[in-house]
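Peer 1: Chains as they are written, first to last, in the numbering used here: chain A, 4 to 309; chain B, 10 to 294.
Rather than coming from a laboratory, the hints here were simulated on the basis of the structure. Glycine is no exception: its CB is placed at the ideal position from the N, C-alpha and C atoms. Among the hints, erroneous ones may be present.
[Claimed, not checked] Selected chain B positions facing chain A (in silico; Cβ < 10 Å):
#: 1; residue: P43
#: 2; residue: W68
#: 3; residue: I78
#: 4; residue: L223
#: 5; residue: D230
#: 6; residue: R255
[Claimed, not checked] Reference listing, derived: stretches of chain B covered by chain A, where coverage requires no fewer than 3 residues with Cβ under 8 Å from a Cβ of chain A:
#: 7; stretch: 110-119
#: 8; stretch: 239-251
#: 9; stretch: 269-279
[To be verified] Only part of the chain A face toward chain B is listed, based on derived beta-carbon distances under 7 Å:
#: 10; residue: F54
#: 11; residue: Y85
#: 12; residue: D91
#: 13; residue: T95
#: 14; residue: A97
#: 15; residue: W98
#: 16; residue: W102
#: 17; residue: M138
#: 18; residue: G267
#: 19; residue: I270
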Amino acid sequence: MPVEAPPGDAPELEDTTEVATPGLEYQAERAKARQGFLLGLPTIVYLLIFFVAPLGFVVAYSFATRTSTGRTELRDFNLNAYARLGDDIIMTVAWRSLWMAVLATLICLVLAYPLAYFISTRSPAVRNMLLVAVMIPFWSNFLIRTYAWRVLLDSDGLVTQGLELLGLGDGRILFTSNAVILGLVYGYLPFMVLPLYAAIERVDWSLVEGARDLYASGWAAFRRVVWPLSRPGVIAGSMLVFVPSFGAYVTPAILGGNKEGLLGSYIVLQFLSARNGPVGSAVSVVVLGVMLVSTLIYFRAGGKNL
Amino acid sequence: MSKGVAKSTAEPQGASRWLLRGHSAAVFAFFYAPIVVLCVFSFNDSNAVGNWNGFTLDWYSDLFANDNIQSSIWVSVKVCVVSTLISVVLGTAGALALERFRWWGQKAFDAVLYLPIIIPDVTMAVMMLVFFSETASWFDWIPGVNLQNGLEKLVFSHVAFNISFVSVVVRARLANLDASMEEAAADLYANRWQAFRRVTLPQIMPGVIGGALLAVTISLDDVVVSSFVSAVGGTPLSVYVFGMLRKGVTPLVNSVSVVMLAASMAFVMASLVISRATGSEREER
Chain A
4 MPVEAPPGDA PELEDTTEVA TPGLEYQAER AKARQGFLLG LPTIVYLLIF FVAPLGFVVA
64 YSFATRTSTG RTELRDFNLN AYARLGDDII MTVAWRSLWM AVLATLICLV LAYPLAYFIS
124 TRSPAVRNML LVAVMIPFWS NFLIRTYAWR VLLDSDGLVT QGLELLGLGD GRILFTSNAV
184 ILGLVYGYLP FMVLPLYAAI ERVDWSLVEG ARDLYASGWA AFRRVVWPLS RPGVIAGSML
244 VFVPSFGAYV TPAILGGNKE GLLGSYIVLQ FLSARNGPVG SAVSVVVLGV MLVSTLIYFR
304 AGGKNL
Chain B
10 MSKGVAKSTA EPQGASRWLL RGHSAAVFAF FYAPIVVLCV FSFNDSNAVG NWNGFTLDWY
70 SDLFANDNIQ SSIWVSVKVC VVSTLISVVL GTAGALALER FRWWGQKAFD AVLYLPIIIP
130 DVTMAVMMLV FFSETASWFD WIPGVNLQNG LEKLVFSHVA FNISFVSVVV RARLANLDAS
190 MEEAAADLYA NRWQAFRRVT LPQIMPGVIG GALLAVTISL DDVVVSSFVS AVGGTPLSVY
250 VFGMLRKGVT PLVNSVSVVM LAASMAFVMA SLVISRATGS EREER
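Next up, chain A with everything else stripped away, as it sits in the complex (with noise of 0.2 Å):
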């Protein structure tokens, strides 16, 4: 690389020559905090543009009127969106939606918790290579990976034929909620295993040394100091297992029947087919206070620093 002569115009030196008065320290930090802030400027301008506004439109949309056209006019606002929350239809979904998030939030952590273990127990090298190995498909296309269980569940899929072989009922399970359950195990099962990786790599193994010197069993050990350990884990995975579940859209599309939709799926169906912009807006919300909710958990359970 060419090595440029030194800069010809002179620095402004003022900010190095230091400090006698305290004024000129404060007025250098203050000048910096400037800087910082000019440099931020654009990033913040355009998220408040394209995220916060938008934020803002569909809070607003949710207390909006809806002409009888199907427009949403914001004008009039009222609750009438947040009344029509208690309906059996929504609430039949938001109910299926809650308990199909749990399950697959439960059944993430029971596959990843023993897998987060092993890996953060090999030697670096391995382990390097088995977090790749399970972040490959963390940020690879999720709608393929889902659509590669319609490949295997369909009427002549190998799952499909291989359950039929095994003499486990008629095999056919696309197009429902074991199907959707399924879907989502398999699309965010790496989202609970990095944060469980990383709560349990973290463990002080001389305790667990400690616990089994004063004769506690194996089982005792990891019962009494590394699972209390490794919760923050448990809380960060479970939180963001949790949140994408319960707004799904994509796996109950693909995989699940016209019975099988989740509050994404009803949001979407109200934006796209109803046309009822304050209804889908308010659900919106809702599944908007979820996340707020659950992401404050989670960061209490220090899920930033995981």
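For chain A, the structure is supplied; the task is to place chain B on it using the hints.
Peer 2: What follows is chain B alone, placed relative to chain A:
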């Protein structure tokens, strides 16, 4: 921390040890088996997807002969390139502003920057739909921008979530560097811009590239937000494929899927390899 301690305390003994290994192998099989099966059957010489009937590349040549797929690939690529460039610049600037400076309002900015990552995509999609339907005319004064056109809406909304992903990756890198190098540069009469270009930027480059590759993946893979904001005739590949595969399993869908998944995995792997350099450095400390 755990490296120094004998493995025997961490690893269960006897039968449960093999149980743990078997379980882990099974979970990895669960991760990858469906992907492998999808790939294998995309070469299947049969219209029925479940029975192997010999090898063929027909479905891939169909794919490259399909005009709709070709034009939607172009939409995806354009949106992806433009949105990634913008989000890399804005995301990196945001990361620097948060990691290297202290200013009023920083915490609020930090929190807002996290939201696009955790917000369910349906909610994000609804936000964009509502926003653009209310404000499309507001942007008419900007020369060359026409929000009736789907492409601009796709770019604006992809940038809205990708800024956050880029800035997370860059911040992880920045947090592992100490600021003393930049201070040394300043002591040697570099001005801020020179210090940034000569010292900071080369050091955070793996984070910036890793973040950019991640943004590329997320932009190409996004279905939900894109299907809410794209206009007729301007659908990106992911939205087009979503429409196809909701109708059912066909060999053509299989081949498109494999191409998309391969592209996605390649970008993810590149991103991980480049930003893993960050991870190993941290462990050495």
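Peer 1: Determine for every hint whether it applies to the structure shown.
Peer 2: Outcome of the hint check:
1. P43: Since chain A brings a Cβ to about 4 Å from B:P43, closer than 10 Å, the hint holds.
2. W68: Result: violated, 13 Å to nearest chain A Cβ.
3. I78: violated (14 Å)
4. L223: holds (7 Å)
5. D230: Cβ of B:D230 sits 5 Å from chain A, so the hint holds.
6. R255: holds (6 Å)
7. 110-119: Answer holds; 7 residues pass the 8 Å Cβ test.
8. 239-251: Our answer is that it holds, as 3 residues pass the Cβ test (under 8 Å) against chain A, meeting three.
9. 269-279: holds (count 6)
10. F54: Hint holds; A:F54 Cβ to chain B Cβ min 5 Å, cut 7 Å.
11. Y85: violated (16 Å)
12. D91: This hint is violated: A:D91 lies away from chain B, its Cβ roughly 22 Å from the closest one there, beyond 7 Å.
13. T95: The hint is violated - A:T95 has no Cβ within 7 Å of chain B, the shortest such distance being about 18 Å.
14. A97: violated (14 Å)
15. W98: With a closest approach of 18 Å, the A:W98 hint is violated.
16. W102: For A:W102, the interface hint is violated, since the closest Cβ of chain B sits about 17 Å away, which is over 7 Å.
17. M138: holds (6 Å)
18. G267: holds (4 Å)
19. I270: With a closest approach of 5 Å, the A:I270 hint holds.
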